[in-house]
Structure formats: C-alpha cells, structure tokens
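Enquirer: Now for the letters of each chain:
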Amino acid sequence: MYGGGQVFESSSVNNELLKDEDPQKLAEFEARIARGEKIEPNDWMPKLYRKQLIRMIEQHAHSEIIGALPEGTWITRAPGFKRKLALMAKVQDEVGHAQLLYGAAETLGKNREQMIEDLITGKSKYSNIFNYPTFTWADSCFISWLVDAGAIVNQLANARGSYGPYCRALDRICAEESFHLKYGHHCVIHLATGTPKQREMMQEAVNRWWAPMMHFFGPSDKMSTHTQILTKWKVKMATNDECRQQFLDMYVPKIWELGLTIPDENLKKNSETGEWEFTEPDWEEFKRVINGDGPCNKERLAVRRTAEERGAWVRRALTAKTKGEEYVAPLA
Amino acid sequence: MTEEALKDLLYKIADDLLILGHRNSEWTGVGPLLEEDIAFSSMAQDKVGQSLAFYNLLHELGEQDPDTVAFTRNADQFHNSQFVELPIGEYDFSLIRHFLFDHADYIRFSMLAECPIEEVAQVAKKLKGEIKYHVMHANTWIKQLATANEEAHDRLQNSLNEALPYALGMFEPSKFENEIIEAGVYPGEKAIEEQWKENIVIVFEQAGLKLPDWDTVKPVYGGRYGKHTEHLQPLVEEMSEVFRVDPTADW
Chain V
1 MYGGGQVFES
11 SSVNNELLKD
21 EDPQKLAEFE
31 ARIARGEKIE
41 PNDWMPKLYR
51 KQLIRMIEQH
61 AHSEIIGALP
71 EGTWITRAPG
81 FKRKLALMAK
91 VQDEVGHAQL
101 LYGAAETLGK
111 NREQMIEDLI
121 TGKSKYSNIF
131 NYPTFTWADS
141 CFISWLVDAG
151 AIVNQLANAR
161 GSYGPYCRAL
171 DRICAEESFH
181 LKYGHHCVIH
191 LATGTPKQRE
201 MMQEAVNRWW
211 APMMHFFGPS
221 DKMSTHTQIL
231 TKWKVKMATN
241 DECRQQFLDM
251 YVPKIWELGL
261 TIPDENLKKN
271 SETGEWEFTE
281 PDWEEFKRVI
291 NGDGPCNKER
301 LAVRRTAEER
311 GAWVRRALTA
321 KTKGEEYVAP
331 LA
Chain R
1 MTEEALKDLL
11 YKIADDLLIL
21 GHRNSEWTGV
31 GPLLEEDIAF
41 SSMAQDKVGQ
51 SLAFYNLLHE
61 LGEQDPDTVA
71 FTRNADQFHN
81 SQFVELPIGE
91 YDFSLIRHFL
101 FDHADYIRFS
111 MLAECPIEEV
121 AQVAKKLKGE
131 IKYHVMHANT
141 WIKQLATANE
151 EAHDRLQNSL
161 NEALPYALGM
171 FEPSKFENEI
181 IEAGVYPGEK
191 AIEEQWKENI
201 VIVFEQAGLK
211 LPDWDTVKPV
221 YGGRYGKHTE
231 HLQPLVEEMS
241 EVFRVDPTAD
251 W
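Top to bottom, those sequences are chains V and R. Numbering follows the working numbering, in which position 60 of the first sequence is assigned residue number 60; successive positions increment by one, without gaps. Numbering follows the working numbering, in which position 26 of the second sequence is assigned residue number 26; successive positions increment by one, without gaps.
Hints listed in this document are in silico derivations from the structure and should not be mistaken for laboratory results. Glycine included, each C-beta is placed from N, C-alpha and C at the ideal position. Please note that a few of the clues may not be correct.
Said to hold, decoys possible - Straight-line Cα separation of at most 30 angstroms, DSS-like style, residue types lysine-lysine; simulated pairs:
1. R:Lys125 - R:Lys7
2. V:Lys82 - R:Lys128
3. V:Lys182 - R:Lys126
4. V:Lys123 - V:Lys110
5. V:Lys222 - V:Lys234
6. V:Lys82 - R:Lys125
7. V:Lys47 - V:Lys232
8. V:Lys38 - V:Lys51
9. R:Lys210 - V:Lys321
10. R:Lys132 - V:Lys82
11. V:Lys234 - V:Lys110
12. R:Lys7 - V:Lys82
13. R:Lys125 - R:Lys190
14. V:Lys269 - V:Lys182
15. V:Lys51 - V:Lys232
16. V:Lys287 - V:Lys51
17. V:Lys321 - R:Lys143
18. V:Lys25 - V:Lys234
19. V:Lys269 - V:Lys254
20. R:Lys218 - R:Lys7
21. R:Lys218 - R:Lys197
22. R:Lys175 - R:Lys128
23. V:Lys82 - R:Lys126
24. R:Lys210 - R:Lys190
25. R:Lys132 - V:Lys321
26. V:Lys298 - V:Lys287
27. V:Lys123 - V:Lys222
28. R:Lys227 - V:Lys82
29. V:Lys51 - V:Lys19
Unchecked claim - Pulled from the structure, derived: some chain R residues nowhere near chain V, Cβ distances all over 12 angstroms:
30. Thr2
31. Gln77
32. Ala113
33. Lys126
34. Glu205
35. Asp213
36. Asp215
Using the sequences and the hints given, assemble the complete structure.
Expert: Written out as structure tokens, the structure is:
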C-alpha cells in the first residue's frame, strides 16, 4: 500500500516560489529531468520542487502508517495460522514502507519527528481511504487486494519520477506490494467462492468499499487543479483518470470473474473508446471526508497520537545520550 | 515415557509461543518507534510460526490439526503460563516480558535440542537459532534503555518487579515432570529456572536493574494446569472470532 494520488494534489501549487529561482540553474535542472536523469539530495533543485516532493513523500509515508491500522486490527482475529502469519507480515511491511518513505523525505530536509507531528496535529494529510472502517474480515481482504492494487498502479507510475531516493524507495515497496496483492487476492477468492456466509461477507465488503476505491485515485482530471509543472518535473507521472482507468481495466474483470457484483450499474467498458464508464463518484463526500469529517478520521489520528505519546519515553531515552550531536540525514 | 507426558510438554511450549506471539503482535502499527514496531512484529511472527511447528508435532501424535487446536479451544484448555497472557501494558512491560521469556526459551530449546526424540530435537535446534536473535534484541534494548535516563530505568525496574512472580510461573512443574526427566527428554523446569537466574542477572548488572531476593518472590502457578487469569478467555475469543463464524469453512 498505500499511496493514493488524490492527497498531494489537492492544494494549489504556489508558483510564487519560482520567481526567485536562478533561470540558468532552473534551465539546467529541467534539462536534466528531460534527459531522464535522477535528481539526488545534494543536487540543486527549485524550492517548489523540494516543497512538493516533501509534501508528496510525507503524505505517502503517513498513508502507510495510518493504513496499517484498519488492517492491523485484524491480525489478532485472522482465521487460521496461514492468514494470521501472512497478515502480520503484510502489515509489518507497511510499517517498513513508512520507515523507508520518511527516510526518503528526510533527505529533502524535514525530519521524521516534524512529519509525524504534522500528521497527528492534522496539518498533513494521508490517503483518504483509511478514514473508512473495516467492519469484517472481508473488509481487510478487500484492502489487501484492491487498495494495494490501486496503490501499485500509482506507485509504479511514480517510480519513474525524477527524485532518486523516492524512486528507489518505490521500487522496493512495489516489489513487496506484489506479494500483498497475491495474499489479498487469495483471501478474496476463498471468501467469494466459499460458503454462502463467506460470499455474503465479501459482497458486502465490495459494496462498502467501492465508492472509497473510486475516490482513491482523486478527483477527475476535469476538476483537478494540478499544474503542468509537476508533470514537466516528473513529480506527477500519471493523471488521476489515467490511474483510475488502468485500475478498472485490470481489476473489474477479475472481480466479476469471482461472481461478485460492483455497486454501479453504469460501470462498463466502452468498446469504441476503450475507456471505462461509471457513475461519477460523490466528490462532495470525498471533500468532506478529506477535510476531517469521515467515519474514522478522528479515531485514526487518536490512535496514532496515543501511540506517539505512549512511546515518547522510549524516544527520549534513545536520544538522551546523543544530546547536542548534530542531526544526521539518512543515506539516500 | 507415555505419549500423554510428551503431549503435555509440547502443548505448554506451543501455547506459550502462540499466546505471546499473539500479544506481541498487538504492537504492530503502534510501537514506540517505527524500527521497534517492525522488530516486535518480526519476533511475534517467529513466535506464532514456532508454535505452529509444535502444533504440527502434536498433530503427528494424533492431536487435531493446528488450526482446530489453536482456534477452537477455550481458555481452560490452554497450557501456557499466565505470564504470556497478561496484556501488553506499556512498552516497558512488553520489553521486560520479552527479555525474561526469551532467555528462558533459549535455555529450554538448547536443552530440547539434545532430546532423544529426534523430531523434537530437530525442531528445537532450528528454533533455537531464531530465539538467539530475540535474546540479543532484548539484551540490547534493556541495556540501552535502562542506562539512558532515570525515567526509562525506573519504568523497567517497576515492570521487572511486577513481572517476576509471573515469570517464575513459566517454570511450574507439570504433573509428568519426573517421568520426563527420567526419560531424558530434558533436565526439567527446575534446571531451566536455575540457569535462567544465572543468565539474566548478568544483563541486569550491566543495565543497573535490581533483582530481589528470590525467596521473596512467590511464583504465580496454575497456567500449566489450565488455570488462567481473566485475560486469556477474551484473547482466545478475539483470536477465534472469524474462524468460529464457520470452523469448517476454508478461510
């Protein structure tokens, strides 16, 4: 999991920041990106590029650590050894992704403590889909398969971006995600082809999660405010609609194949355009949830805040002997 | 030695590992820092995996399959020590329990690696290699935290005092104790306990943590005979919540 395109897109790009940049350096920077070179931590970069990347990587990291909560709650309830062990390993991977990503963001000059502080005070966002609850085991299976699948679509695109440390983190993350996808698919197959009770659980989960899943890729390109500069700088590698279309193309047939229905009667592939057509998701709800009024926003942040508070003494103890030493940014 | 005695031994080992692995997995996603979150999860996975190895041995001896055994019993059918079923508490308690438990299990598995029952010895040899790293992890953290500042030291000392009576419950002799020792399966719980006391004191001295006079610590027994705290039944119910929806279904 869990990077969703929608979060880092919502705010406007402040082109004011570009005014003071040295035109010569900016031109060289853009030429490097156009040649397909990676930008590394100590290279010159425009302030706007740095700001956008910190924002994007940080929110991706937050999504991993918050995303660990709705699935993590099923570790203690997973049915049988095989599922219990696999889910423990999967959620652990997600926490590991957060660690990798906070490290990648730190190379740009913002430290982990500050990022986590911004998360728990609500200043910084995370993927909106984790503001929905996992009522049943089947909900956790939906996340493992399809939310991870959606994230892979996003992340494979972003892995071709311009910032070296983020690309390398994404390469590692995608390799692990492919196992998550297999695990999640396996779980869903067992439910969808299992007993009537299991099939019912799985169908209800699909019904609950379809709208958040469509929201996952962010508002339609028509409504989106993102500027061309992020594409030119290879910060954003695919549009929301491109990611959503790719996801639908890859996974709707697989969902239908299992005998599950999708709660959108307008969902179909237009054979002439090759594009998927669907009922426009409720973007008002999306905005409402992303601004804090979803079913689980408060709970998720409260859990994270409590974890930070309970663990504070450990972090104080670890830094007690290093007082006064300079902060060391992680290796890129 | 009777098969019943061997099963009793395997059950208590397996149940300890499953319940502690389950407890430690509760830290996943909410650990004190990301690196430790990941480490605790790794060790929890090891523990649950190790318990599975022992349930598999029991299955070969004619007991039900591991999923049925682990996910359908009630608390009073579990043979784990009460120590492992206690809630995770704060991280200092979980760390102290991890330290005390893994030191004991390392000795237990070292002894069982020499066991004349080849299947048991093989599993013990393999798992001992994993537990070695758990012990290293525990030692490192105990030493680092307890010597860092007063706050951390006092937290660990208080948790240690609270944990010790329950920790001694790990060595509660089973009703087959003499039979197992005479058959040479391993030297028995008393022998583990003595070795354990020698090993942990070395680390505690380096960490500046104090052990009380052992005569003043009254062991909390009962777990090996199915007597548990009020914490185990809710744990078991949570663990089997989905499985019990349909125990015959393939999940």
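Enquirer: Against each hint, give a clear statement of whether it holds in the structure.
Expert: Here's how the hints hold up against the structure:
1. Pair hint Lys125 of chain R plus Lys7 of chain R holds up; C-alpha atoms about 19 angstroms apart against a cutoff of 30 angstroms.
2. Between Lys82 of chain V and Lys128 of chain R, the direct Cα distance comes to roughly 22 angstroms. Compliance with the 30 angstroms bound is thereby established for this hinted pair.
3. Between the alpha carbons of Lys182 of chain V and Lys126 of chain R the distance comes to roughly 28 angstroms, so the proposed pair stays at or under 30 angstroms and holds.
4. For the hint pairing Lys123 of chain V with Lys110 of chain V, the CA-to-CA distance comes to about 14 angstroms; that is within 30 angstroms, so the pair holds.
5. Taken as a hint, the Lys222 of chain V and Lys234 of chain V pair is honoured in the structure, with Cα atoms around 20 angstroms apart against an allowance of 30 angstroms.
6. A distance of roughly 23 angstroms separates the Cα atoms of Lys82 of chain V and Lys125 of chain R; the hinted pair therefore holds under the 30 angstroms criterion.
7. Of the pairs offered as hints, the one joining Lys47 of chain V and Lys232 of chain V holds, with about 15 angstroms between alpha carbons and a cut-off of 30 angstroms not exceeded.
8. With a C-alpha separation of about 17 angstroms, the suggested pairing of Lys38 of chain V with Lys51 of chain V holds against the 30 angstroms cut-off.
9. Note on Lys210 of chain R and Lys321 of chain V: the hinted pairing holds, with a Cα-Cα distance of about 22 angstroms set against a maximum of 30 angstroms.
10. Distance hint between Lys132 of chain R and Lys82 of chain V is fulfilled; the C-alpha atoms sit about 24 angstroms from each other, no more than 30 angstroms.
11. A C-alpha spacing of about 21 angstroms is found between Lys234 of chain V and Lys110 of chain V, which places the hinted pair at or below 30 angstroms, so the restraint holds.
12. Among the hinted pairs, Lys7 of chain R with Lys82 of chain V is consistent with the structure: their alpha-carbon atoms are about 23 angstroms apart, no more than 30 angstroms.
13. For the hint pairing Lys125 of chain R with Lys190 of chain R, the CA-to-CA distance comes to about 21 angstroms; that is within 30 angstroms, so the pair holds.
14. Taking the CA atoms of Lys269 of chain V and Lys182 of chain V, the gap is about 25 angstroms. The hint holds against a cut of 30 angstroms.
15. At roughly 16 angstroms between alpha-carbon atoms, Lys51 of chain V and Lys232 of chain V fall within 30 angstroms of each other, so this suggested pair holds.
16. Under the criterion of a C-alpha separation no larger than 30 angstroms, the hint pairing Lys287 of chain V with Lys51 of chain V is consistent with the structure, at around 23 angstroms.
17. Taking the CA atoms of Lys321 of chain V and Lys143 of chain R, the gap is about 13 angstroms. The hint holds against a cut of 30 angstroms.
18. Of the pairs offered as hints, the one joining Lys25 of chain V and Lys234 of chain V holds, with about 17 angstroms between alpha carbons and a cut-off of 30 angstroms not exceeded.
19. Between the alpha carbons of Lys269 of chain V and Lys254 of chain V the distance comes to roughly 14 angstroms, so the proposed pair stays at or under 30 angstroms and holds.
20. Between Lys218 of chain R and Lys7 of chain R, the direct Cα distance comes to roughly 28 angstroms. Compliance with the 30 angstroms bound is thereby established for this hinted pair.
21. For the given pair, Lys218 of chain R sits about 15 angstroms from Lys197 of chain R by alpha-carbon distance, which is consistent with the 30 angstroms threshold.
22. For the suggested pair Lys175 of chain R and Lys128 of chain R, the alpha carbons sit about 26 angstroms apart, so the restraint of at most 30 angstroms is met.
23. A C-alpha spacing of about 20 angstroms is found between Lys82 of chain V and Lys126 of chain R, which places the hinted pair at or below 30 angstroms, so the restraint holds.
24. Of the supplied pair hints, the one linking Lys210 of chain R and Lys190 of chain R holds, its CA atoms being roughly 22 angstroms apart against a limit of 30 angstroms.
25. For the proposed pair Lys132 of chain R and Lys321 of chain V, the alpha carbon gap of about 27 angstroms is at most 30 angstroms, so the pair holds.
26. The suggested pairing of Lys298 of chain V with Lys287 of chain V holds, with an alpha-carbon distance near 16 angstroms, which does not exceed 30 angstroms.
27. Only pairs whose Cα atoms come within 30 angstroms are accepted, and Lys123 of chain V paired with Lys222 of chain V is accepted, the gap being roughly 27 angstroms.
28. Note on Lys227 of chain R and Lys82 of chain V: the hinted pairing holds, with a Cα-Cα distance of about 28 angstroms set against a maximum of 30 angstroms.
29. Proposed proximity of Lys51 of chain V and Lys19 of chain V is supported: the alpha carbons are some 15 angstroms apart, at most 30 angstroms.
30. The claim that Thr2 of chain R lies off the interface holds: its Cβ sits roughly 28 angstroms from the closest Cβ of chain V, which is beyond the 12 angstroms cut-off.
31. Every beta carbon of chain V lies more than 12 angstroms from that of Gln77 of chain R, the smallest distance being close to 18 angstroms; the non-interface claim holds.
32. Against the 12 angstroms criterion, Ala113 of chain R stays outside the reach of chain V, whose nearest CB is about 24 angstroms from its own CB.
33. The Cβ of Lys126 of chain R sits about 16 angstroms from the closest Cβ of chain V, beyond the 12 angstroms cut-off, so the non-interface label holds.
34. At roughly 19 angstroms, the least C-beta separation between Glu205 of chain R and chain V is larger than 12 angstroms, which holds for a residue marked as non-interface.
35. Every CB of chain V lies more than 12 angstroms from the CB of Asp213 of chain R, the least distance being 28 angstroms, so the non-interface label holds.
36. At roughly 32 angstroms from the closest C-beta of chain V, the C-beta of Asp215 of chain R stays outside 12 angstroms, upholding its exclusion from the interface.
In this structure, none of the earlier numbered hints is contradicted; all agree with it.
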